Amino acid sequence: MKKLFFYTVLIAIVVISTILTIALLTPSKIIPKYSDDKLRELALSKGLKPTPTSFEKLLEIVDSQENPVTPQKIALGAELFFDTNLSKNQKTSCATCHSFDKNLKNKKALISTLEEKNQKLTDCAACHLQDQSGVDRFTFSEGDSAVPHPYLLNTQTILNSSLAKYLTWSGEVKSIKEQSENSLIAHHKMNMTPKEVEDRLGKNPAYVKSFQEVFKDGISFENSAKAIEAYAKTLITRGAYDRFLEGDNEAMSHDAKRGLANFISFGCKGCHNGMSLGGQTIERFPLRKFAQVYDFRPNLELLPKIKRIDNEFPFENSGKFLGKNNEHLFRVPILRNVTKTSPYFHNGAVPKIREAVDVMAKHQLGRHLTLTQIDEIVAFLHTLEGNIVEYDMKDYK
Amino acid sequence: MRAIYIKFLVFVMFFTGVVQLKALDFAWEYFRTIQAFHIIASLIITLFLVTPFIYQHIYKFFFIKKVNSINGWLLLLIFFLLTISGLYLFLAGNRGGDTFGIISFNVHLYGSFALILFFIYHVLQKQNVQLSVVAMLFTILNPALSHAATDKLSLIETDAKTGIYHNEDFTNSAKCKSCHEEIFNQWSNSNHYHMTGSNPYYMVMETLAGEVEGQEFRKWCMGCHNPSALTTGLSKTTHPMQGNIVSDELFEKNAKTLVESFKSQGNFRLEEGVSCVTCHRITEAKGKGNASFKLSLERKKYAFEDSDSGTGHWFSEKLINSNPDAHKKSYMDPLYKQSKYCASCHDEFHPKTGMKIVSTFDEWKKSPFNNQKDKTKHKTCIDCHMTNLKDGKFSPLKGTSTKGGVLKDDVKVHYFAGSNHFLSGLKSKTNEEQTIDLLKTSAKLDVDIKNGILVIGVTNVGAGHHLPTGVADFRELWLDVSIKDKNGNLIFSSGKLKNDGNIEDGSRLFQKVFGDEEGKPVGLLFWKYKTLLSDTRIPSGERRVESFAIKQDALYPLDVEIKLNFRIYPQWVSDAVKKVFPTLPNPPVVELIKVIKEFK
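Sequence lines, in order, name chains A and B. Just so you know, the numbering used here puts the end of the first sequence at 397, numbered straight through with nothing missing. Just so you know, the numbering used here puts the end of the second sequence at 997, numbered straight through with nothing missing.
Warning: the hint list may mix true and false statements.
Capping the alpha-carbon separation at 25 Å, the derived lysine to any residue pairs in SDA-like fashion look like this [unchecked claim]: (1) B:Lys633 x A:Gln132; (2) B:Lys457 x A:Met1; (3) A:Lys2 x B:Tyr456; (4) A:Lys352 x B:Met638; (5) A:Lys117 x B:Trp969; (6) A:Lys117 x B:Lys893; (7) A:Lys352 x B:Lys893; (8) B:Lys660 x B:Glu578; (9) A:Lys174 x A:Met1; (10) A:Lys108 x B:Thr750.
What the hints contain is simulated information worked out from the structure, not anything from laboratory work. Model, not experiment: these values are computed from the prediction.
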């Protein structure tokens, strides 16, 4: 008996020591380290692209036969985009929700709001206008007379949307023109009818003149949407990421580069692809079935942490939206400027970018990222931040 | 067979206990693992192995073999005491406040030595020690123990000035609440918590600074207001939302939003602003202002302290309570009692021009409160700003800073009473009273009429700095004067509010007014300060005199009513902020002193 005990203890110690020795001697997993140039090559080979630097190059990408983009049309579109007269109560313009300053160089939006007696800005816009995010920063969108979206959907950014194949959360809209028309007549947005739009535009001599210059058939509901589309197509942002892809190794920090490598190798870029990093496909969310019901975290706790979450989504689905055809199908959101457009997901249920990255990794990739990996990816996403490019159209005819 | 097993285990428990002795000063990395191991193993071993063994052992020898060993009975008694004291230490802890904790600790400590002595004696009766020695050696040399002690997370070397911290390096203040609830609540309603997202004035000013001076400039503000966000590499301060409206933290008691956010996200979501850890992990303070401190987050953490599971959290608290020395040392430093510690933020200069914007610490250094010769008259920041007030007088709070902790004569309260009664008062009446009580101790009024001139003297008797100090361009301290003649007609008045809420022109304000390069008032953009347009603040211990001429034909006796009023923000500042935060109420005017006097 005594011997048996002695040997049991001895064997146990030998086994434990061996296991620990193996753990100590085994080299840690080699994570490929990319040099800056290799990383750039990899990113470009996977279809990631910088946004165009000149107006001509932009047109090569976004111009179309049905609605050719011209500087005059862009100017008209800009007027319409910021015109509150296009909403029923004359309080809402496109830019109310897709918020940024009409004058991109304006650095005095807040101070003029604070100093002026009769200010027109909404309280949130006063501070957030300088973000140039193209969203209202609300959890769910509110239209004219503060009518909430029936599905409590979060406003998506209009910036870079011309680079996407599909638009809106369900991805059922194919062009900005179509979505402009939808927004003008939707009850929970501008709340107009095509006729009302044409009537109001017709009363403004400046519009009558510029519509006639731009379109053969003058003012029409469709033409106003076309002009807005032309303008929206020029709303492109550039950030440090673009400079990196174009050859500037200093543009991105070490963490951000690791984040980009992770972004590619973990599979994020599988859906968030193209120049816009998203908007090219419609995908299922959440993808992993196990994750629909439980958030199971395999860790070395005393008790494993198991949290039951919403059946439909890994967060509360406040507006009951279930995607295209109620099949959990969503357009992949554009990641450019994502760090400026919190809160996240279709109903804005997730307030912080790190939490959003965590949800995506868990439920779309089935990966539990380490905290460092999350931080690195967030650092990469920050390099996608950028202000709207003011393209020089002088030389263009 | 079983006896050997038990011997082995008893020695395991003894050694893992002994290495926790303070005198041995065991490396923290080993300590934290062994402490947790000691407790878990003790529970399992006593419950499932030792207790049944003792029962069988007694049955076998006392009842069947009829051996009556006094030594054996003593051993049982000590074992019993050790188990009870150990359970007490684990479940209630040795927090310093209850005698049972101290008794348990000593019983556990000395009892274990007694147990081992009696145990060896008891065992030696059977001349069978070789295996126990072998077992002891194995315990000490067991590679599992030494390996588990290297935990990479807590070996991270970071320095706030160069490296970037992780969210997880911080400890959310809501976590401290479970043991320090009283202090958590004081702080959570104080201005030290409401310095970022829940402070409309700050949010507007930071955004404005970013807009006017470039987004990078926000970092200047964030150094003191939001050190956690700045050291984790964030570029601006954010505020939580509730649906489409800004979260109503402005009116919310005991940091409800923070507690809920901690419950759902743990440390994964960063707590922005000045948290428990951002002050209590400052290891060096230069006292130069502009956040000149070193925030060192590398500290001794007990096993499971970072666990985000409820059980782990509960267990780590038990580990801390059972032996809280390391915890106390991690979060308390003699530095925290010195004024230069506070000065690392309560002094402020422009990062480029070097213009002094706030110089509270400099004012204190020159004041009679900084008395290095007579220590009894020397008063530091915390002697006024962190001492409890009752009925308008300093009345050090007797009590504990931890649930069940040591009874202290002067618990440093975390209301951080200063002058901003308004924002903290929206959350808690107690916080508001503490601040107003403190404000009222600051000044004295004297009134006289000589040769038809009303002379009012205001003396700064209670503050170890100018009155007002801090952002003295955004503070209003002024004289409200009314004089009525014999017939009760108002013949003179000064310092009344206009209809729009601003103080009427010509009033006597104690303040400084900043001018920009061209000598124009800076308005909201206080960092543009280049020239001092006026400075009527009252230095510590000094008296400032204001004179008002009275009409010569006034009918005596005169009824003179004088008030020393204070308002935390001028109306024009609140008006500007309200454009962005419409729910913000107007700060009230606080009457610090009122004197009514009749002159014949």
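Structure versus earlier hints, numbers of those that do not hold, lowest first: 7 and 9
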